[in-house]
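Undergrad: So the chains spell out like this:
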Amino acid sequence: MRTAEVIGTVTATAKDEQLVGLKLLLTNIIDGDGGVLEHAIVAADTCGAGVGDRVLITYGSAARLPAKITGAPVDASIVAIIDRVSLG
Amino acid sequence: MRTAEVIGTVTATAKDEQLVGLKLLLTNIIDGDGGVLEHAIVAADTCGAGVGDRVLITYGSAARLPAKITGAPVDASIVAIIDRVSLG
Amino acid sequence: MRTAEVIGTVTATAKDEQLVGLKLLLTNIIDGDGGVLEHAIVAADTCGAGVGDRVLITYGSAARLPAKITGAPVDASIVAIIDRVSLG
Amino acid sequence: MRTAEVIGTVTATAKDEQLVGLKLLLTNIIDGDGGVLEHAIVAADTCGAGVGDRVLITYGSAARLPAKITGAPVDASIVAIIDRVSLG
Amino acid sequence: MRTAEVIGTVTATAKDEQLVGLKLLLTNIIDGDGGVLEHAIVAADTCGAGVGDRVLITYGSAARLPAKITGAPVDASIVAIIDRVSLG
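Line by line, the protein sequences give chains A, B, C, D and E. Residue 921 is where the first sequence ends in our numbering, and the numbering goes up by one at each step. Residue 921 is where the second sequence ends in our numbering, and the numbering goes up by one at each step. Residue 921 is where the third sequence ends in our numbering, and the numbering goes up by one at each step. Residue 921 is where the fourth sequence ends in our numbering, and the numbering goes up by one at each step. Residue 921 is where the fifth sequence ends in our numbering, and the numbering goes up by one at each step.
No lab work stands behind these hints: they were computed from the structure. Hints are not guaranteed to be accurate.
Any copy will do: because identical chains look the same in the list, a pair fits if it lies in one copy or spans two.
What the hints assert, rightly or not - Here are the simulated EDC-like pairs of lysine to aspartate or glutamate, each with C-alpha atoms no more than 16 Å apart in a straight line:
1) 856 / 886
2) 901 / 850
3) 856 / 871
4) 856 / 916
5) 901 / 871
Between the sequences and the hints, there should be enough to build the whole structure, so can you do that?
TA: In structure tokens, the structure reads:
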């Protein structure tokens, strides 16, 4: 999994029907200090996350395990809103 | 998932029979401002996308969930045409 | 798999219910000499690992094979605590 | 999927028995203009491709969908020989 | 798949029980000329490979197809010892 910061939202009218009702958030992958490691990963939200939240993203078939996502063509999901990263 | 811009089309005569009838588009992965992050990802279209469209691409086994793709040896699909990316 | 060093812990209250009870560790991917190759990979612990340990991380659906992880939306797990890397 | 150019062949005697009879080709991932993006991806051929051909490579579990590949420990396959990449 | 050179071994006492008895080798991903492309990939051996051998590595669920690996939390396996890479 990766830690990420939510930076925006993605809106689409023409889309796979299994994506209807899913909130798609634009995120940057960050390190433990908030430094950006990778830009512009779109993840389906399963936790009520919003812009500015630090979140945990899971990739691949794991992203479709949360109940809200089952059956949707999603390869990345937000599975937690991070309270704290403790280093050392 | 990643946001991408469609930049071209890929044509092939000799191909896996499960690819027959699929539209294969060449795309660049972009960030929220349209900056190119990665070049030359080929994705199967499921949304009627065309050159110049900003699209949402999903990878891996998720790419084979849309009905048009089932059974095809595809690892990336266009699952939405993006209307708007809202930052901040 | 990758060799990694555990550098911290990730805490989250709002999370997928299948993540409850899992220890999520922040790691850096390292080479055989301990040099950092990639930052900030979060992995679920299955071995009792702690900060400072050198561990073996497995990705993807393999990460959900350990008994403790089954059903959780996890794409990276610590599956061993490394005693020794012998080079050459 | 990625566009690639076939640059060589890989020969092995000691190998998984499911690889026997498969042609393993060395390729470079290229962009729409033929520029090299990534070196030395080995893919199983399913299309009769040869050195110098521009091909379409699919990764992951998708690589095992072509009939010739079923059951082999393969994570990349050539699923088309590209006739033309049309840009713009 | 990738071509790699075996550079060492990884030893672990505390590990997933399904890893017991598997030989874990440290490798560098190389190109057709032996140049290093990526460092420190750990792969389970299925071919009797040793340090200095040039091998073929497969990733993902494909890595668990060889009989020796079934059920182990492994995302990379050595599936061939390479005799020869022929370029051009």
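Undergrad: Confirm or reject each hint.
TA: Taking the hints in turn, this is what the structure says about them:
1. 856 / 886: within (14 Å within a copy, 21 Å between copies)
2. 901 / 850: both (14 Å within a copy, 12 Å between copies)
3. 856 / 871: Neither, since 21 Å and 24 Å both go past 16 Å.
4. 856 / 916: between (21 Å within a copy, 14 Å between copies)
5. 901 / 871: neither (26 Å within a copy, 30 Å between copies)
The structure fails hints 3 and 5 (numbered hints given earlier, in ascending order).
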